[in-house]
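> Chain residues, written in single-letter form:
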Amino acid sequence: MVEMVSRPYAAAFEKFAAGKPEILCLSADLTSSCEIDGFRDRHPEQFLSMGMAEQNMLSFAGGLGLAGFRPFIHTFGVFMYRRPYDQLMASIAYPRRKVRLMGFLPGVTTPGGMTHQSIEDISVMRSIPNMTILETGDATEVDSICEAADSIDGPVWCRVLRGSVPRLFDTPIKVGEMRVLSEGTDILVVSSGISTEEAMRARSALAKAGLSIRHIHLHTIKPFDHKQLLDHIGSVKHGVVTLENHVTEGGVGSLVAETMADAGIGKRLVRLGLKDTYAHGGSRAYLMRYYGLDALALVGGIEDLMGARFGITEDDLATARVDDVHSLVKAEAL
Amino acid sequence: MQNERTTEDVALGLRRRVFEHTIRNNGGYLSQACSAAEQLAWLYNEELKLGDPTLPMIPKPFEGVPAPTNPGYHTGAGYNGPAAPEYDRLFIAPAHYALVAYATLIEVGRMAPEGLEMFNKDGSSVEMIGAEHSPGMEVHNGTLGIGLSTGAGLAYGRKLRGEPGRTWVFMSDGEVQEGQTWEAVAAAQFHGIDNLCAIMDVNDQQCDGAMDSVMEVGDIRAKFIEFGATCVEIDGHDIQAMRDAAKEPHDGKPLIILARTSPYQTMPILEERFPRLHYVRFKSPDERARFNTSIAADLGVDPVEYAH
Chain A
270 MVEMVSRPYA AAFEKFAAGK PEILCLSADL TSSCEIDGFR DRHPEQFLSM
320 GMAEQNMLSF AGGLGLAGFR PFIHTFGVFM YRRPYDQLMA SIAYPRRKVR
370 LMGFLPGVTT PGGMTHQSIE DISVMRSIPN MTILETGDAT EVDSICEAAD
420 SIDGPVWCRV LRGSVPRLFD TPIKVGEMRV LSEGTDILVV SSGISTEEAM
470 RARSALAKAG LSIRHIHLHT IKPFDHKQLL DHIGSVKHGV VTLENHVTEG
520 GVGSLVAETM ADAGIGKRLV RLGLKDTYAH GGSRAYLMRY YGLDALALVG
570 GIEDLMGARF GITEDDLATA RVDDVHSLVK AEAL
Chain B
-15 MQNERTTEDV ALGLRRRVFE HTIRNNGGYL SQACSAAEQL AWLYNEELKL
35 GDPTLPMIPK PFEGVPAPTN PGYHTGAGYN GPAAPEYDRL FIAPAHYALV
85 AYATLIEVGR MAPEGLEMFN KDGSSVEMIG AEHSPGMEVH NGTLGIGLST
135 GAGLAYGRKL RGEPGRTWVF MSDGEVQEGQ TWEAVAAAQF HGIDNLCAIM
185 DVNDQQCDGA MDSVMEVGDI RAKFIEFGAT CVEIDGHDIQ AMRDAAKEPH
235 DGKPLIILAR TSPYQTMPIL EERFPRLHYV RFKSPDERAR FNTSIAADLG
285 VDPVEYAH
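Protein chains in written order, with the numbering used here: chain A, 270 to 603; chain B, -15 to 292.
In case anyone wonders, no lab produced these hints; they're calculated from the structure. Certain hints may be false.
Restricting the straight-line Cα-Cα distance to at most 25 Å, the calculated cross-link-like pairs of lysine-lysine (DSS-like) are [unchecked claim]:
| # | chain 1 | residue 1 | chain 2 | residue 2 |
| --- | --- | --- | --- | --- |
| 1 | A | Lys477 | A | Lys443 |
| 2 | A | Lys367 | B | Lys143 |
| 3 | B | Lys237 | B | Lys33 |
| 4 | B | Lys143 | A | Lys289 |
| 5 | B | Lys33 | B | Lys143 |
| 6 | B | Lys33 | B | Lys207 |
All values reported here derive from a predicted model rather than from experimental measurement.
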């Protein structure tokens, strides 16, 4: 049974930031939703309420960076790059300000629908010079995201999980590395964020079907260790399947495709994720099934790559974690 | 290095430089020199507390954008002196005023006249739209409306550190059409950022023409006060009025000085170009010659000699 951790970011941020006067906590009216309400109450001298005014917040954070501070901006990911993209570019990314952009509700982790789901943020951030991209996939990565982000000499985009988060790993994020979760020789599975838990659910059923899976998990998406990925691709016979909580254009699937194309690798690649579509509002489990982001979708992708059916059904997959989107550990329904 | 010359003399000098540059290059941001000369001259010659320049009088060429692979990167802020706690900082929010700002740097002895010869030349750091690495610039402001927010963030950070230096933002009135300007004022008021000051060139002009014809903005002084700033409206060509306005008490609030100006100040022939004053490019050799003769007489210099 997977351990579930309640609000890991709340404790992690407070432990990291408290007593460091050069760290400032900025919020745009989503303070409890980003689990920093306790920090606000206990460390008001390090907290700035910036109101529902993201354009100002991003340029203001750039000014704080210029003054030598390291602001951590907290809001839902979508609100931090769609409207204030110009400010993100001119005030933060270009001058390499040490601003840490803590983007909550990545992809389909919210029932809030199109306006709340950041489904193309990795694509956007990958194309911004000077930007570093980190993504959390479990409670241990959430525990260590603040230290990891603050180790970067420049701006950092973080996809942060909130609420009830499973603990899958026992070592903190080491920026620039990738986690090797299994070392099979048939197919390489590359996943990130919440997709990794899904890929892990499929592991035993795929093994029973006689497939040897090599599985790597990415918490560092930019900068990226292309050589290490190529070594893993070279270790499998058949090809690569990527699974991501994001559109397949510009995200992890594109990252892997570019790496393979640049190196002239002729193996098959199946990219799973949101396929040139917006999502809509619903539970995470429903959305992951509907849009093909879950363990069963991964099995289907591997079947496509192998040109064979393995007869794996939902019953064969490890028990799905059931989320109650209205449970107490979530700050609100959104 | 302040007050070696009168501010009136600095304003006249920078207008002469922008005029000469515009005639020679058959175009330039000439109207901005008409409206803003006194404001920039006053800031650099009197109001700002700045140290000696830290960068060479003749600007270095473009040396690359900020990147992990460019460790020697620096901004053009060194022309305003070091970023020490006791000194003021200045952002030029409308970065297309760069030509006027560069001319001011020359007039106050912070940049060599050769710097203006590099204006908008390939490989030069003296860019047409002032970039971070351009002389006198510290942040990118070419996207209008972000300057006051960045200034507010810097001012807040400096306040937290107990630095006595102020952060000044030179603004343009078109920026009040951007929502971010109002977000910035609200935030500065809410967080008591009173080490933030702005002077705005209210020339009533924008790229498409007169502001009232593009989008009316109403009583911006009343709006700024309502949003939480201390706001003083003055004649932007009256230097004594600027001195007085800067003394306006603004405890707990940012100070915004609205400098009402004429886009033709000292160069009345420019009115012929109304309502397209944003960038003056001469339409014919005859027009160029007439402007040359007329403005030279207005500014008390000989007409500019240029290649026909």
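> Now look at each hint and say whether the structure bears it out.
To see whether the hints hold, each was checked on the structure:
1. A:Lys477 / A:Lys443: The hint is violated at about 32 Å.
2. A:Lys367 / B:Lys143: holds (19 Å)
3. B:Lys237 / B:Lys33: holds (20 Å)
4. B:Lys143 / A:Lys289: It holds: about 17 Å lies between the C-alpha atoms, which stays within 25 Å.
5. B:Lys33 / B:Lys143: Measuring from Cα to Cα gives roughly 17 Å; hence the hint holds.
6. B:Lys33 / B:Lys207: Roughly 29 Å between the alpha carbons, so the hint for Lys33 of chain B and Lys207 of chain B is violated.
Going through the hint list in order, the structure does not satisfy hints 1 and 6.
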